Amino acid sequence: MRRFLKTNSLSIVFLVLFLAALSGQAVAGHADFNEEQVRHGDPEITLSRYLVSSDFGTAVMENWQSEYLQFTLFILLTVWLLQRGSPESKELDKSGRESDEQQKVGPHAQQNSPRWAKVAGIRRTLYENSLVIVMTSIWLATWFAQSVTGVTQYNSERLDHQMDAVSWWHYLGRPDFWEKTLQNWQSEFLAVGSMAIFAVYLRQRGSPESKPVGAPHTATGIEG
Amino acid sequence: MGARFLVFACLIALAATGCGTGERGDDAAAVTARFHAALEAGDGQAACQELSEDTASKLEQQEKKPCEKAILGLELPKGGSVAVQRVQMLSAYTSLAEGSTDFLNEGPEGWKISSAGCKPTAPGRPYDCELEG
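Chains A and B supply the protein sequences, listed in that same order.
What the first sequence shows, in my numbering, is residues 127 to 350, in sequence order.
What the second sequence shows, in my numbering, is residues 5 to 137, in sequence order.
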């Protein structure tokens, strides 16, 4: 059990942090929602009602979709795009999908390679792209969920101001949807782009996200 | 893993938007129907029972009369049937077949009318309401 915890500590710690932060967001969001209700002379709601509200749904989904987009793009673009000196980049002569030999697929698969890496055809094509396929699916699903919860929240505010509701399709063209979307995207793109550059010159001893402390700034594709 | 996430995201979306809105919409429509039926019957007290506290109090201040008297002096539709109803979180609107719209909010005592006798003005602008909270 201790060994299991130690060898899976990264995912376990992040799962715990995620649940703690989501719970904190729920409690703080509920309090904030009720403060707003009181300011408008409207009745407060219970925490359980808040958890299934569009207010909470939008707040969660708009962040999820941008995170999954960030990692999807990072996984996909680093196949072809390079950054000289960055451990986040492949070596400068390895841009592209690489040969079957380098990727250890088909006849070049090893004995302990995943089963679908050894076969040819649709199964291998699917497996070769499975990470991006799943990440893209989650991104699209959460972005769709953001739009569905967002239109309800948007319409609720419109009704409170004696305006009629808009359709989901109409909402996709409203500034509210794009402001919520782009404010999250810009921060993700900034964080990833700046990390790729910072890691050229800065180090974190022992982290695989950094080059070894003594590695030269020009060394590309080396992880510590 | 991906499929689980998709299902979870869709459940959240459904829970946040769809669940129970049909029944709650019917409840909101019933409040509107009772309100306009009370006005048709000349029963100001019954009509005022369907108003939110804020709206009733604002009406009394404006008209300087008790709600049950003031409400009968407004040019609100008397009777009528609800043709359109829509619930969004704790807010709803109901439109009468005759063309007038009411806005409602949901609280511990159920749906209450916050604005009534509303007509659209221009696209993207608030409705113009005979009674406003």
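Some hints could be false.
Heads up, incomplete: computed chain B residues facing chain A, CB under 10 Å, no partners named [said to hold, decoys possible]:
1. Arg28
2. Asp31
3. Gln53
4. Gln66
5. Glu79
6. Gly83
7. Ala87
8. Gln92
9. Leu94
10. Tyr97
11. Gly103
12. Thr105
13. Glu113
14. Gly128
Since the hints were made in silico from the structure, they are not lab data.
Treat the numbers as computed from the prediction; the structure is a model and nothing was measured.
From the three backbone atoms N, C-alpha and C, an ideal C-beta is built for every residue, glycine too.
Hints versus structure:
no.	hint	in the structure
1	Arg28	violated (12 Å)
2	Asp31	violated (15 Å)
3	Gln53	violated (17 Å)
4	Gln66	violated (17 Å)
5	Glu79	violated (17 Å)
6	Gly83	violated (22 Å)
7	Ala87	violated (14 Å)
8	Gln92	holds (4 Å)
9	Leu94	holds (7 Å)
10	Tyr97	holds (6 Å)
11	Gly103	violated (13 Å)
12	Thr105	holds (8 Å)
13	Glu113	holds (9 Å)
14	Gly128	holds (8 Å)
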